[in-house]
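Novice: Quick note: the sequence shown, position 90, residue 285 per the working numbering, numbers continuous.
Hints were generated in silico from the structure; no laboratory data involved.
Take the hints with a grain of salt, since some may be wrong.
[Unchecked claim] Label-pair restraints from in silico Cβ distances:
#1 E244 x T279: 24 to 32 Å
#2 T279 x A230: 31 to 39 Å
#3 K216 x E283: 22 to 30 Å
#4 T204 x L224: 30 to 38 Å
#5 N201 x S228: 18 to 26 Å
[Unchecked claim] BS3-like cross-link-like pairs, simulated, lysine-lysine; straight-line CA separation at most 27 Å:
#6 K285 x K216
#7 K285 x K239
#8 K242 x K292
#9 K267 x K285
#10 K289 x K257
#11 K216 x K257
#12 K236 x K266
#13 K267 x K305
#14 K236 x K292
#15 K285 x K259
Quick caveat: nothing in here was measured; it's all calculated off a predicted structure.
The C-beta atom is built at its ideal place from N, Cα and C for all residues, glycine as well.
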Amino acid sequence: MKNLRNTVTLIGHLGAAPEFKEFDNANTLATFSMATDESYKNKKGEKVEHTEWHNIVVWGPKAKAVRDILKKGSYVMIEGRLTTETWENKEGEKQYKTQIVMNEFLALDKKTQN
């Protein structure tokens, strides 16, 4: 089990337009939220739908590609790795934020294939 990896693959829609930050060292950061949907039948046989929201972070040339290709509502497959940020709030309580650092993406919309 040495070769276990932290790899995440998701297929879903962007919930909002990506946001971008440019840094002095010419690096670009893109962030966006992505929704994945699942449905199942409960014990009564009723269809239950659930949407999970994911925070996506993208750096460098891939962030620039996101700027050119993705927009609110885009249907996309992403591959990346899970990371968790930890900090203390004003009350001294630990806070956590899990996000996905994207390595690759594929636009699945019919008009915008990358």
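Novice: Using the C-beta atoms of T204 and L224, is the stated range 30 to 38 Å upheld?
Specialist: The hint (30 to 38 Å, Cβ to Cβ) is violated, given that T204 and L224 are roughly 22 Å apart.
Novice: Given the hinted pair K242 and K292, is their alpha-carbon gap at most 27 Å?
Specialist: Violated, because 31 Å separates the two Cα atoms, which is more than 27 Å.
Novice: Are the Cα atoms of K267 and K285 separated by 27 Å or less?
Specialist: The given pair, whose Cα atoms are some 33 Å apart, is violated under the 27 Å limit.
Novice: Please work out if K236 and K266 have their alpha carbons no farther apart than 27 Å.
Specialist: Measuring from Cα to Cα gives roughly 32 Å; hence the hint is violated.
Novice: Measure nothing beyond the straight line between the CA atoms of K289 and K257; if it is 27 Å or shorter, mark the hint as holding.
Specialist: violated, 31 Å
Novice: Assess, step by step, whether the Cα of K267 is no farther than 27 Å from the Cα of K305, and give holds or violated.
Specialist: It holds: about 15 Å lies between the C-alpha atoms, which stays within 27 Å.
Novice: Does the Cβ distance between K216 and E283 fall inside 22 to 30 Å?
Specialist: holds, 24 Å
Novice: Sort out whether K257 lies within 27 Å of K216, counting only the CA atoms.
Specialist: holds, 13 Å
Novice: Confirm or reject the claim that T279 and A230 have a C-beta distance inside 31 to 39 Å.
Specialist: Distance hint for T279, A230 is violated at roughly 20 Å.
Novice: Check the hint pairing K236 with K292 against an upper bound of 27 Å on the C-alpha distance.
Specialist: violated, 30 Å
Novice: Given the hint of 18 to 26 Å, is the C-beta distance from N201 to S228 inside that range or not?
Specialist: For N201 and S228 the Cβ distance comes to about 21 Å; the hint holds.
Novice: Does K216 lie within 27 Å of K285 when you go C-alpha to C-alpha?
Specialist: Holds - the C-alpha atoms of K216 and K285 are around 26 Å apart, at most 27 Å.
Against the hints set out earlier in the document, violations occur for numbers 2, 4, 7, 8, 9, 10, 12, 14, 15.
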